[in-house]
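Enquirer: Heads up: the protein sequence lines correspond to chains A and B, in order.
Each residue of the first sequence is one higher than the one before, counting from 3 in the working numbering.
Each residue of the second sequence is one higher than the one before, counting from 198 in the working numbering.
Some clues are possibly wrong.
Among the chain B residues that face chain A by a calculated CB cut under 7 angstroms, a handful are [what the hints assert, rightly or not]:
1) ARG296
2) PHE394
3) ALA395
4) GLN419
Because the hints were derived from the structure by calculation, they are not lab data.
For each residue, glycine too, the CB sits at the ideal point set by N, CA and C.
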Amino acid sequence: MEKEKKWPEKWQELTPGCMVFRPGSTREYHTGTWRAQRPVYDTSRCIKCGVCYIFCPEGCITQDADGYFTANLDYCKGCGICAHECWPGAITMVEEG
Amino acid sequence: MSKRIGMEIALAAAEAVALCKPDVVAAYPITPNTHIPEHLSDIVAEGRIDADFICVESEHSALSACCGASGAGARAFTATSSQGLLYMAEIVPIVSAMRLPIVMAIGNRALSGPINIWNDHSDIMSQRDTGWISMFAADGQETIDMMIQAFKIAEHRDVMLPVNINLDGFQLTHVVEPMMMPDQKEVDKFLPAYKPFAALHPDNIVSMGALAMPDIFNEAMQAKDHALINSKKVILEVWKEWEEQFGRKYEPIGAYRMDGAEVALLTLGSMGDTAEVAVDELREQGVKAGLLKLKLWRPFPTEELLKAVKGLKSLAVIDRAVSFGGVNGPVAAEIKAALYDQKERPLITNHIIGLGGRDVVVADFVKMVQQAISAQKKKPKEAYEIYGVRGS
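Turn these sequences into a full structure, and let the hints guide you.
Expert: Written out as structure tokens, the structure reads:
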């Protein structure tokens with residue numbers, strides 16, 4: 003199947019009022035490209051408390067099978083709130099690029 | 198069959214809207230448009246139409262409620278004036294961007310301050326560039342006709358845009374005039390039931406008003422501009438249908454005694470009727486004067502304007518709003534821009550009149566025409582004047 007285009011190529015291809023008829027299409031907005039810094043987790047310090055998950059304004063942090071947390075970098079904008087809130091100091095913000 | 202009535206124009210406007218059977222009316226009272234929604238609330242309370250009248254707590258909520266209702270596929274109507282329109286301002290461009298065919302009556306009133314409840318056009322001019330179709334009624338008959346036309350134009354599948362109908366506060370809203378009021382059968386024949394392009398419903402998958410990042414915003418604006426420009430075709434078609442069914446002709450720019458005219462006035466709204474009398478007087482004196490009445494403000498009828506001003510030496514453009522610190526009043530600036538590329542064009546004088554309800558009488562229009570003629574010999578120092586201002 004041909005991959006659906008992210009954007010209409012031409013203005014004529016826009017639906018009236020830019021209405022969106024496909025559910026969940028916002029997932030394709032990979033807003034993580036706006037990021038200047040990314041969170042790096044140190045699992046040796048992580049106590050699996052989930053405070054990063056609670057405070058993440060993007061809701062892009064999930065828990066893995068072992069109970070550790072990770073940020074989905076497709077959507078993480080690098081705000082650093084997780085690192086600020088992580089009291090055991092398991093998250094460090096690292097420059098991108 | 199249409200019935201000849203004598204009625205306050207605001208009430209007649211409400212009656213005309215009721216004939217269009219809106220599903221939702223949401224409005225907040227503000228002078229001088231208040232009688233329109235007030236009378237509609239009576240009509241709903243009496244059970245004459247099956248509509249929800251939403252008593253909202255502000256104009257911001259009024260247009261927001263209409264926005265949601267229209268998104269759900271309802272025929273929605275609201276009305277406001279002056280600061281009420283400004284309070285709606287956040288939603289005004291969103292409605293057109295979402296292509297929702299809401300109809301709004303604006304009982305034009307000066308923007309504060311100083312606080313003033315009387316008529317001029319500063320309210321609508323502040324919302325000029327929001328992507329709505331914008332029309333000006335010159336009298337009661339045009340007001341009721343345009344209300345009914347507006348729904349048909351707005352809901353046309355090739356348009357899908359909101360329409361605002363401007364009627365001068367007090368000069369129109371509170372005046373009793375004789376009018377022909379169409380009956381339900383006639384309106385039902387003219388205006389089909391609204392079939393929305395898409396409607397918000399749990400069974401339908403549609404998102405309206407989603408985020409558009411820089412990658413797509415240019416294209417969205419181009420599409421919005423194109424939709425508005427393209428709406429003129431449908432407006433002309435609907436006006437033609439109206440003329441065929443009701444016998445009353447509508448044009449983007451109405452012409453009065455323009456045959457052989459060398460000088461003309463150009464007006465928006467109710468002052469056109471006073472200007473007609475001035476033109477009659479000038480013609481009697483042998484002055485080749487005429488009058489252009491601009492009815493369609495957005496999309497701007499450039500093509501019709503170029504035809505209308507052919508042969509004119511002078512054109513006195515009347516504004517009822519100040520573009521503070523600008524080059525001209527909003528109407529004159531538009532007209533000058535439209536004529537800039539023309540080799541032959543009339544000399545334009547710009548008179549800003551009737552601010553905040555200041556009376557303008559026939560003699561004033563005669564004087565403005567004379568100023569436009571004498572400008573041929575001696576150009577005025579300023580590009581515009583606030584006419585009749587004391588101390589100048």
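Enquirer: Looking at the structure, which of the earlier hints fail to hold?
Expert: none
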